[in-house]
Amino acid sequence: MQFEWTAEQDEFRRKIRDFLHANLPQDWEAFSEHGPASPALTAFAREFCVKLAEAGILFPHWPVEMGGEGLGPWEQQILAEEMWIAGEPRGGQYMNVNWIGPTLQKYGTEDQKRRYLEPITRGQSLWCQGFSEPDAGSDLASLRTRARLVDGNYVIDGQKIWTSYAGLADTCFLLTRTSDDRKKGITIILVPMDTPGITVRQIPSLIGEGDIHEVFFDEVTVPESARFGEEGQAWEIVAYSLRNERLGIPRFTLARAALDRAVQMLGEQGRFSREYVRIEAARCAALCEAAATTNYAVVQRRADGRTIGAESSSARYATVMAERVVCEFVVEFLPEVLAGASPYLKMHHQRGIVAGIAAGSAEIQLNIIASEVLELPREPR
Amino acid sequence: MQLTLSEDQTQVLDSIDSLARPYAAVPLHDASFVLESAELDASLVENGFLDVLAVDELGPVTAALVVEKLARLPFAVEAAVSALVRPLIDLELPRPICLVEESRPGAPVRFLRPGATVVVVGSSGVSSFTAVQDKIAPASHDTPYAYPVAFLAGLPDTPTRHEVDPAEVLRAWRVAVATEAAGLLGAALASTVSHVSERRQFGRPLATFQALRHRLAEDQVVTNSVYWLALRAAASGTAADAALALLHAQEATKRVCYDYHQFLGGMGMTLEHPLHLWTYRLKLLSAELGGRADQGLAAAEALWGK
Ligand SMILES: Cc1cc2nc3c(=O)[nH]c(=O)nc-3n(C[C@H](O)[C@H](O)[C@H](O)COP(=O)(O)OP(=O)(O)OC[C@H]3O[C@@H](n4cnc5c(N)ncnc54)[C@H](O)[C@@H]3O)c2cc1C
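Residue numbers (UniProt numbering), protein chains in the order written: chain A, 1 to 381; chain B, 1 to 306.
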């Protein structure tokens, strides 16, 4: 075992840091207070991702045949860490390179690949993920948004909720119901967001402007060729893409960076000499590093080409624990940061409080760990 | 020991209930970061509800009961300090009253606005002044704390000094915050209980999942005991009870705020659901007076000496 990064990996990280240093504006920290899905950050990301593409660090982890450099999962991890610590200047485009692109490559038709991959590689597209519905959150398989095949078109009716980026996205990766079979009746359709019949309403939230939305589909009609994969194949494809997404956001790095920033602020105020503040900070650091190593163990599986199962739930939950204590530490000792004293720590708070909810709740991860890691007998139904 | 409400207390709480009825619920779509009501505040003052501490047959426990009850409202009311701390300093101090720790002038100050009375408490004593516009720095517009908050941009050179023991003000301050937290905890619990009872996933109410039931039940236990500790602290007037009450409230805040936002899922992130009004007030109160550790040190000192 070996816990150091290789010289090449260090070099790769340095390259990204240098790039960020050179390309983020002076007032970036205040600017990044705009949520990742805000109009301001989305517009910024459209320019920033072009520069990333030019510098070869938009999708270096993609295989060569997709135009990437085939750098492995560790480099993808490093890239994600640096972007996330910096306040995710790619905005919603992080999803493109983490899982939408690879999923398109694996399951898309030639036509879909042609249509959607190229704008991703140019840093010009924004997707949203239409999974959750008012009555289908943790129980995603109970979703009801219907797609009926009528004369070679799918006609879609229903509603999604909590959809990040929906306000500005060009395309929705939409889960629809095409038959009554709970999981095998779900089908993915790639729906251009300017299709008539789509209404988007922003939901005012604790986590920044423009982040979460309701999306209504009223007889939205798209050609059959917009179907992604086969009818009923959604569950398999989503399992594949969510595994990528879950690893895709290295929240623990931002939690750690936020902790370091909080400690620095406390030091400047002459308040970091108190023993209990130091002990609390150290507890936070331990949970951040616990999350880091647990996540790295999963990256290792990926690097080895092994399948990833419930380990990703352990990594997620360890991350939730870290995010929780850091958010609490900051609010308890530096409440002023949420009232304007540190845009960076506020940005962290807004990202941190959703760690246990977005992309599958913490409790659901625990259920998975209990059944699949511990192999506990299940509760009688 | 006699832990039931007296007739007077029942009457006071009933009248607050009827007075506050129009403010008890917020229509789902009206919620924003801060909710306040000048009318509600005015009618509380008019009816003397913030002055019950000094009334012989009512006293500090009744004052605490009033504060606890008002804290359950989705509307933020500056009641705790006025009802439980002001009588020690000067009954005539103009409201709202903002307490500031001498050692932490950079902390966000609740209810700070022009005309508010700022009371600075520290080892050097207790002093106050009236806040003026150019000495107030606004908080960012999307501050989530659900109280009106602002920062002090400077302190006047010659504040009014008050002949009162700062330790006594600190004690009452702890009781005030613990009591307010008790009400907030109660309201947040009620809101969460109704959500998990109504919302169904996997064909059953969320509340039927054992994983949630035990956590919620524990949340109930700490919420209930914060209520009792806060009232006892109001009654006894001891430094130890005050510090323990606030310590317990701040400890409780940590677990329940996490739990409740988990249990609400995405719904807990929206401003359209009122949960944040209670949890984010609690979060700000969890930082008050140095947070748990400082309450712990104060309690230990009061119980066992230095
Ligand atoms: C910031 C943010 C961004 C999001 N972005 C998107 C997006 O882009 N696209 C999208 O489709 N969705 C998105 N979501 C939705 C997210 O996936 C859901 O919020 C999440 O799956 C939880 O569903 P829910 O909110 O309906 O909570 P619920 O399913 O109602 O869960 C509420 C609580 O009950 C618990 N619970 C539920 N079932 C069980 C069980 N069987 N055992 C124990 N506990 C249980 C949960 O753990 C949780 O604590 C986003 C959410 C957030 C907060």
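Calculated directly from the structure, the hints in this document are not laboratory data. There could be a bad hint or two in this list.
To be verified - Label-pair distances were calculated between CB atoms; the ranges are: (1) B/Asp14 to A/Ala239: 43 to 49 Å; (2) A/Ser225 to B/Ala211: 42 to 48 Å; (3) A/Pro204 to B/Val132: 17 to 23 Å; (4) B/Glu251 to A/Ser225: 54 to 60 Å; (5) A/Gly197 to B/Glu101: 52 to 58 Å; (6) B/Pro156 to A/Ser273: 28 to 34 Å; (7) A/Gln9 to B/Ala211: 35 to 41 Å; (8) B/Glu168 to A/Ser273: 49 to 55 Å; (9) A/Asp111 to B/His214: 47 to 53 Å; (10) B/Pro205 to A/Pro63: 43 to 49 Å; (11) B/Thr160 to A/Gln264: 48 to 54 Å; (12) A/Asp135 to B/His214: 23 to 29 Å.
To be verified - Only some residues are given here: those of chain A computed to face chain B with a beta carbon under 8 Å: (13) Ser138; (14) Leu190; (15) Leu338; (16) Gly340; (17) Ala362.
Here a beta-carbon is modelled for each residue, glycine too, at the ideal position from N, C-alpha and C.
Cross-check of the supplied hints:
| no. | hint | in the structure |
| --- | --- | --- |
| 1 | B/Asp14 to A/Ala239: 43 to 49 Å | violated (56 Å) |
| 2 | A/Ser225 to B/Ala211: 42 to 48 Å | holds (43 Å) |
| 3 | A/Pro204 to B/Val132: 17 to 23 Å | violated (32 Å) |
| 4 | B/Glu251 to A/Ser225: 54 to 60 Å | holds (58 Å) |
| 5 | A/Gly197 to B/Glu101: 52 to 58 Å | holds (57 Å) |
| 6 | B/Pro156 to A/Ser273: 28 to 34 Å | holds (30 Å) |
| 7 | A/Gln9 to B/Ala211: 35 to 41 Å | holds (39 Å) |
| 8 | B/Glu168 to A/Ser273: 49 to 55 Å | violated (29 Å) |
| 9 | A/Asp111 to B/His214: 47 to 53 Å | holds (52 Å) |
| 10 | B/Pro205 to A/Pro63: 43 to 49 Å | holds (46 Å) |
| 11 | B/Thr160 to A/Gln264: 48 to 54 Å | violated (37 Å) |
| 12 | A/Asp135 to B/His214: 23 to 29 Å | holds (25 Å) |
| 13 | Ser138 | holds (5 Å) |
| 14 | Leu190 | violated (24 Å) |
| 15 | Leu338 | holds (6 Å) |
| 16 | Gly340 | holds (4 Å) |
| 17 | Ala362 | holds (6 Å) |
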